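2 protein chains.
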Amino acid sequence: MPTYAADLAAVRAAAERVRGVVHRTPVLTSETIDRLAGRAVFFKCENLQKTGAFKYRGATNAVRKLTDAEAARGVVTHSSGNHAQALALAARVRGIPAYIVMPRTAPAVKKAAVEGYGGIVTVCEPTLADRERTANEIAARTGAVLIPPFDHPDVIAGQGTAALELLEDVPDLDAVVAPVGGGGLVSGFCAAAKGLNPACRVFAAEPLGADDAARSKAAGEWQPQTAPNSIADGLLTSLGTLTWPFVRDQVERVVVVTEEQIRQAMRLVWERMKLVIEPSAGVGVAAVLSDEFRALAGVRKVGVVLCGGNVSLDKLYW
Amino acid sequence: MPTYAADLAAVRAAAERVRGVVHRTPVLTSETIDRLAGRAVFFKCENLQKTGAFKYRGATNAVRKLTDAEAARGVVTHSSGNHAQALALAARVRGIPAYIVMPRTAPAVKKAAVEGYGGIVTVCEPTLADRERTANEIAARTGAVLIPPFDHPDVIAGQGTAALELLEDVPDLDAVVAPVGGGGLVSGFCAAAKGLNPACRVFAAEPLGADDAARSKAAGEWQPQTAPNSIADGLLTSLGTLTWPFVRDQVERVVVVTEEQIRQAMRLVWERMKLVIEPSAGVGVAAVLSDEFRALAGVRKVGVVLCGGNVSLDKLYW
Numbered sequence: 007m008p009t010y011a012a013d014l015a016a017v018r019a020a021a022e023r024v025r026g027v028v029h030r031t032p033v034l035t036s037e038t039i040d041r042l043a044g045r046a047v048f049f050k051c052e053n054l055q056k057t058g059a060f061k062y063r064g065a066t067n068a069v070r071k072l073t074d075a076e077a078a079r080g081v082v083t084h085s086s087g088n089h090a091q092a093l094a095l096a097a098r099v100r101g102i103p104a105y106i107v108m109p110r111t112a113p114a115v116k117k118a119a120v121e122g123y124g125g126i127v128t129v130c131e132p133t134l135a136d137r138e139r140t141a142n143e144i145a146a147r148t149g150a151v152l153i154p155p156f157d158h159p160d161v162i163a164g165q166g167t168a169a170l171e172l173l174e175d176v177p178d179l180d181a182v183v184a185p186v187g188g189g190g191l192v193s194g195f196c197a198a199a200k201g202l203n204p205a206c207r208v209f210a211a212e213p214l215g216a217d218d219a220a221r222s223k224a225a226g227e228w229q230p231q232t233a234p235n236s237i238a239d240g241l242l243t244s245l246g247t248l249t250w251p252f253v254r255d256q257v258e259r260v261v262v263v264t265e266e267q268i269r270q271a272m273r274l275v276w277e278r279m280k281l282v283i284e285p286s287a288g289v290g291v292a293a294v295l296s297d298e299f300r301a302l303a304g305v306r307k308v309g310v311v312l313c314g315g316n317v318s319l320d321k322l323y324w
Numbered sequence: 007m008p009t010y011a012a013d014l015a016a017v018r019a020a021a022e023r024v025r026g027v028v029h030r031t032p033v034l035t036s037e038t039i040d041r042l043a044g045r046a047v048f049f050k051c052e053n054l055q056k057t058g059a060f061k062y063r064g065a066t067n068a069v070r071k072l073t074d075a076e077a078a079r080g081v082v083t084h085s086s087g088n089h090a091q092a093l094a095l096a097a098r099v100r101g102i103p104a105y106i107v108m109p110r111t112a113p114a115v116k117k118a119a120v121e122g123y124g125g126i127v128t129v130c131e132p133t134l135a136d137r138e139r140t141a142n143e144i145a146a147r148t149g150a151v152l153i154p155p156f157d158h159p160d161v162i163a164g165q166g167t168a169a170l171e172l173l174e175d176v177p178d179l180d181a182v183v184a185p186v187g188g189g190g191l192v193s194g195f196c197a198a199a200k201g202l203n204p205a206c207r208v209f210a211a212e213p214l215g216a217d218d219a220a221r222s223k224a225a226g227e228w229q230p231q232t233a234p235n236s237i238a239d240g241l242l243t244s245l246g247t248l249t250w251p252f253v254r255d256q257v258e259r260v261v262v263v264t265e266e267q268i269r270q271a272m273r274l275v276w277e278r279m280k281l282v283i284e285p286s287a288g289v290g291v292a293a294v295l296s297d298e299f300r301a302l303a304g305v306r307k308v309g310v311v312l313c314g315g316n317v318s319l320d321k322l323y324w
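First to last, the protein sequences are chains A and B.
Take the working numbering: the last position of the first sequence gets the number 324, and nothing is skipped along the way.
Take the working numbering: the last position of the second sequence gets the number 324, and nothing is skipped along the way.
Treat the hints as calculated values from the structure; they're not laboratory data.
Nothing here was measured: the structure is a model prediction, and the numbers come from that model.
Among the hints, erroneous ones may be present.
The list cannot tell twin chains apart, which means a pair is met if one copy fits it or any two copies do.
Derived lysine-lysine pairs resembling DSBU-like cross-links, with alpha carbons at most 35 Å apart [claimed, not checked]: (1) LYS117 x LYS307; (2) LYS321 x LYS117; (3) LYS321 x LYS116; (4) LYS321 x LYS71; (5) LYS71 x LYS117; (6) LYS71 x LYS116.
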């Protein structure tokens, strides 16, 4: 029997560790969306989480779990997305440095956001090789601990705390749905939901333009994501070695949606639920509204995580 | 001693009446806004209320308070704003007709929204005289009960339930802030907040382009709003005969803000709190961020109602 990077006990320990630091986000509903989905949908609003995304949970869990000696040297990661901001704030809350490696092609607004949370930004070339080289160099020089964005047990357990809260608020969910990019969030959802109730079904939602999880699951073996193309910029990476086993064994199905479905779902949530969500969060909503998901039997109540709300408000997406 | 149209007992009775029908909306916070405001700010998110605005509270209270005999004949109002949608849904939930008189100049999307909630729309000329004439004619013909948008004791008491919930969640608020148009919301806030804690200070927030409440308070007597000009389209009316006494006697001050302040506050809330709010809600936020409000002594914790989130998403406001 395979072992997994996190289980319910790890998620519960994470929940204790992050209590009072991360927001307990509300679970909201919409009669309009219930009608469109053909069932009762419960939205876990991680767009209302600090730093605007669930990533703050995993980063906080990882940072708080460090010993004082480890923590004193700081943390390091390479990311231009929500994990970068999350780690910067989690480190600042503990009073330790966060070294964030960002490609020189990252938008100035993202660099400014990380610096706004106190992160120390190092710019590198926009290749995975140079990002890793730069991060490793910083780790070697400073002794900072590398906290990757998803492929880490403490990060996965931290993300699972969102599922724990959701199932505390709505204990009789038949299923939960989480968007999948690197897989940290959906893995945490597996650990929490399956641990609390093995009958609770876990679904992943993925953009057609970055469908490595769907292809991996169909092939029965890990497939890389190459040349991703989607507005859901949080979901462009490949699954990791720790997250793939969750998707392989515990996720029932990966629901794939188009860019048009993502845009429509985003607008629906902005318009009817009055929540600003980013495209990656629209992917989960689009999955629940898809014909494929609507056709599923036995799902009376479903929980969906609105994973983030970090968008540019200089333009609209539709 | 003057009497007022609603008091704490009326608000508590309204809360019993609307329980389980209106959403208990979350109270959210933002460290960024706390920093900008110079104090702790608690946002009562009525943009997340059913129909997208607090108006559903007052409409529901008024509709549920009707006797079965009164209710059977339906309700009628003239409004092209959030009250129209709120009354239509409140009536549908009770299973009675709602006759909504709208000027022929009202946007098609607003007419469609009212009809989407089951309202029976009658179009009239865009003058107050023709709106009142048409509504009275429908009332005479059908026996429907007129439920006005703000100048009614049951509507005021219903709006006060938002303040009751806010003060249950954060009992030690030093002050509350509500936008003022017709004055139903701020009157309900006075009834609830002053009733619970006479030391709790109540402030109104108003656009400079529709500042009848500020002018009335300065003059010590009711002044009409003529030729209003503001993007805060929910705040363009004059105070009513029932709401003016609250503003005169119980509101400490009316804070007036410019269109630019409203736009900036709106964008701030969309961007940092991930909440879609309408311009009228931006008025309350702008007031709390104003130099005038920041200079107030003795306000450590302030509650602000985000009154609604009904905006067109075809364009941005900035």
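If the cutoff is 35 Å on CA atoms, where do LYS321 and LYS116 land: within, between, both or neither? Let me know, please. Both ways: LYS321 and LYS116 sit 16 Å apart in one copy and 24 Å across, limit 35 Å.
Alpha-carbon proximity between LYS117 and LYS307, which holds within one copy, between copies, both or neither at 35 Å: Classified as between: cross-chain Cα gap 32 Å, same-chain 40 Å, threshold 35 Å.
My question is about LYS321 and LYS117: at a cut-off of 35 Å on alpha-carbon distance, are they close within one copy, between copies, both, or neither? So LYS321 and LYS117 pass the 35 Å test inside a copy (19 Å) and across (27 Å) alike.
When no copy is specified for LYS321 and LYS71, does a C-alpha distance of 35 Å or less occur within a copy, between copies, both, or neither? neither (39 Å within a copy, 45 Å between copies)
Please sort LYS71 with LYS116 into within, between, both or neither, judging by C-alpha distance up to 35 Å. within (27 Å within a copy, 52 Å between copies)
State whether the alpha carbon distance between LYS71 and LYS117 is at most 35 Å within one copy, between copies, both, or neither. within (26 Å within a copy, 55 Å between copies)
Checked against the numbered hints above, the structure violates only hint 4.
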